[in-house]
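Just so you know, the protein sequences line up as chains Z and Y, in that order. Our numbering puts the first residue of the first sequence at 465, with every later residue one more than the last. Our numbering puts the first residue of the second sequence at 232, with every later residue one more than the last.
Hints are computed from structural coordinates only; laboratory data are not their basis. Note that this is a predicted model, so its numbers are computed, not measured. Any given hint could be a false lead.
The calculated label-pair distances, taken between Cβ atoms and stated as ranges, are [as the list claims (entries may be wrong)]:
#: 1; chain 1: Y; residue 1: 484; chain 2: Z; residue 2: 546; range: 53 to 59 angstroms
#: 2; chain 1: Y; residue 1: 495; chain 2: Z; residue 2: 610; range: 43 to 49 angstroms
#: 3; chain 1: Z; residue 1: 610; chain 2: Y; residue 2: 502; range: 18 to 24 angstroms
#: 4; chain 1: Y; residue 1: 547; chain 2: Z; residue 2: 495; range: 54 to 60 angstroms
#: 5; chain 1: Y; residue 1: 342; chain 2: Z; residue 2: 532; range: 22 to 28 angstroms
#: 6; chain 1: Y; residue 1: 368; chain 2: Z; residue 2: 746; range: 55 to 61 angstroms
For every residue, glycine included, the Cβ atom is placed at its ideal position computed from N, Cα and C.
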Amino acid sequence: MSTSGAALLEIEDLVTEFGGGKAFLGKPQRIVRAVDGVSVQLKPGQALGLVGESGCGKTTIAKTALGLVREKSGTMRLDGRVVSGLAPKDARKARATIQYVHQDPGAALDPWWSIGHALDEALRIHGVSDKGERTTRIDEMLHAVGLDPSFRTRYPHELSGGQQRRVGLARILVLQPRIVILDEPTSGLDLSVQATVLGVIDELRRRLGLTYLFVSHDLSVVERMCEEVAIMYLGRIVETGPTKQIFAKPQHPYTRALLAAAPRLEPGSLNDTPALPGDPPSPTNLVSGCTFRPRCAFAAPKCAEARPPLLSVGEKHRAACVRLDEIGAPTPA
Amino acid sequence: MMLEKPASVLEIRDLSVSVGTDEGEARILDNVGLSLMPGSIHGIVGESGCGKSTLIRSILGILPKRGRATHGSIMLGERNLLSLPADALQKDVRGRAIGFIPQDPFQALNPVFRVGTQLLENVRTPGDSKATREAKRAHVISLLKAVQLPDAEHALDRYPHQFSGGQRQRLLIAAALAAAPGIILADEPTTALDVTTQLQILKLLRGLAIERDLSMLFVTHDFGVVAQLCDTVTVMYAGQTVESGPVAQVLKAPFHPYTQMLLACHPERAEELAGIPGAVPSPLRPPTGCRFSPRCPHARAECTAGQPPRVAPQPGHAVRCVLHLDEAAA
Ligand SMILES: Nc1ncnc2c1ncn2[C@@H]1O[C@H](COP(=O)(O)OP(=O)(O)OP(=O)(O)O)[C@@H](O)[C@H]1O
Ligand SMILES: Nc1ncnc2c1ncn2[C@@H]1O[C@H](COP(=O)(O)OP(=O)(O)OP(=O)(O)O)[C@@H](O)[C@H]1O
Ligand code: SF4
Ligand code: SF4
Ligand SMILES: [Mg+2]
Ligand SMILES: [Mg+2]
């Protein structure tokens, strides 16, 4: 499958903030800059992994891309057409080919609705008024995610976690999206169910030419599913490029710590792996310069001067650290 | 040569637990066995719904509604927890001899009360049960320091949302340590955390185990976490314990077909992405004998005749599968 050529989705310098308005009793809320100048490109048929500490802004990027949360600044192009700077309603409409698979599939399904009813409703809201067409599409999609048509009459609580995730996928796929944002699609699943779900995701991509933004904490899953990856820390992308290259030679100190912390099937690695010290600082109260500075083993005075820009460190591989020349080759992860 | 086997701190033998449902009796634990050795961290893995949480809850004496242990024993030293009266369980065991760390640090704390209000209410101090509030407070603060919570002195005055996920998990670990228990049960305590935070918590648990001479049962889905943290591991399938042994051996050369097939699904190992064919059986109508038999490529007639006996082809590495009947270590 070709992933070259023009970008399907282009996000440039995206900033999304929360708060800032007056709270109920007049005290102004503090501003959280959840996404702070992020640029990503998705080429048709590509799977881009998005990885980073809890709270670094992954879900916010997804919600902004969908148009559920309004960007403060930045440009978004879909198929070359600008879809940013619109009123919320128009934004969602312009971005209807982007769909989102929720982090918690059980919570996303209404317990009182049978699977068939939920899928039918999704199509109806989406403007498919012909009952016959809705039925055909639902059968096709249940089949595509490997569920028997008899699942139409089942209720969410009668499904296993893996089956709920398949239904979550089917519900998005009936809408015929081109870009699917998968938010932690395998968290909490055992290895067997996880492999089944990943297999379905992979096959749909090949068969329907879907493009994925794949959010996950599980690095072995990202390594397996995504040819490119973006590593985030506190609202910014700190390293991005081909997954193989970044996993083999992580450059940014945060990426190095992240890859070193990832559990592998090698017993007894705990003592040899240094843990990242401290906690991520609150995004309402950021330090100057590189925001990773308070936890970075390589921090130096010049790191405090300005936010380090993403600079090229190899073929399609970029990292945002001002000391890369001085801190030497990465220790093997 | 007969070596004297060191005594375990917690010994579960042939434990069966059933729950009554509208459709009949479901045996959700079936002849489960497990030994927790002093000072060791023992992992429990298995697919969703295989009974991991039920096993942990059985040890704490909190079975599901309409649930009961029909068979077996849970020995804590000389005492069988299954025959202990409820008030003795509450007074001596739960939160005292045995501490518990729950799964979700985002749900385990009530958002409307200060952390101090919640911790001090439930916390048991070692020994003296009538400790003053001040003494309790000092004790809890010392624990918060032990779990390396920043600004421990002021933590009790803050609300849960003012802590990160990793910090909330530290609070819950501190609460579990409060009565200086010898055993900690942890039910997926890091599932909601990212890997760098998870590593901090695993290192903390490892350090506490050594420092305080704790033994730990650690439930997880993640074989990578088992590899990082645990000394030994038990693999469960559909309410049965199918394999147990030292982590390095189980990961490298698993005996049971289920363990083998599960590990082969790991993204690091899988050739193609596909799960184990077939589905987990309903606990209402489980297959007789080995519950994995409907999905096992090696299944034969004797597999369904009865549950295969537990044999140890290598010392300390045991399996319940007819393929290994002749391999018991001398
Ligand atoms: N509606 C909101 N109002 C205020 N702050 C918010 C809101 N939603 C998210 N945030 C804050 O924005 C930041 C980014 O949150 P986000 O949910 O995007 O993180 P994430 O990377 O998806 O984390 P996780 O891995 O835990 O899902 C966090 O600091 C979060 O507390
Ligand atoms: N009150 C109950 N009534 C009927 N069945 C129950 C009840 N409680 C648990 N079960 C069943 O017992 C089995 C074991 O559940 P348990 O919660 O112990 O699984 P688990 O291994 O902890 O799963 P997970 O990994 O999803 O947390 C499941 O099949 C579950 O559906
Ligand atoms: S810029 Fe400085 S503080 Fe930031 S990651 Fe690089 S070395 Fe560390
Ligand atoms: S006992 Fe039989 S069915 Fe069960 S795992 Fe062994 S070979 Fe397979
Ligand atoms: Mg998120
Ligand atoms: Mg559980």
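**Prompt:** Is the gap between the beta carbons of residue 495 of chain Y and residue 610 of chain Z within 43 to 49 angstroms?
**Reply:** 19 angstroms, violated
**Prompt:** Do the beta carbons of residue 368 of chain Y and residue 746 of chain Z sit within 55 to 61 angstroms of each other?
**Reply:** 26 angstroms Cβ-Cβ, so the 55 to 61 angstroms window is violated.
**Request:** Mind checking the hinted window 54 to 60 angstroms against the Cβ distance between residue 547 of chain Y and residue 495 of chain Z?
**Result:** Given range 54 to 60 angstroms: holds, Cβ gap about 57 angstroms.
**Message:** Can you tell me whether the CB distance of residue 610 of chain Z to residue 502 of chain Y sits inside 18 to 24 angstroms?
**Reply:** 19 angstroms, holds
**Item:** Satisfaction of the hinted span 53 to 59 angstroms by the C-beta atoms belonging to residue 484 of chain Y and residue 546 of chain Z
**Value:** 58 angstroms, holds
**Message:** I want to verify a distance hint. Is the separation of the beta carbons of residue 342 of chain Y and residue 532 of chain Z within 22 to 28 angstroms?
**Reply:** The hint (22 to 28 angstroms, Cβ to Cβ) holds, given that residue 342 of chain Y and residue 532 of chain Z are roughly 24 angstroms apart.
Comparing the model with each earlier hint shows violations of hints 2, 6; every other hint is respected.
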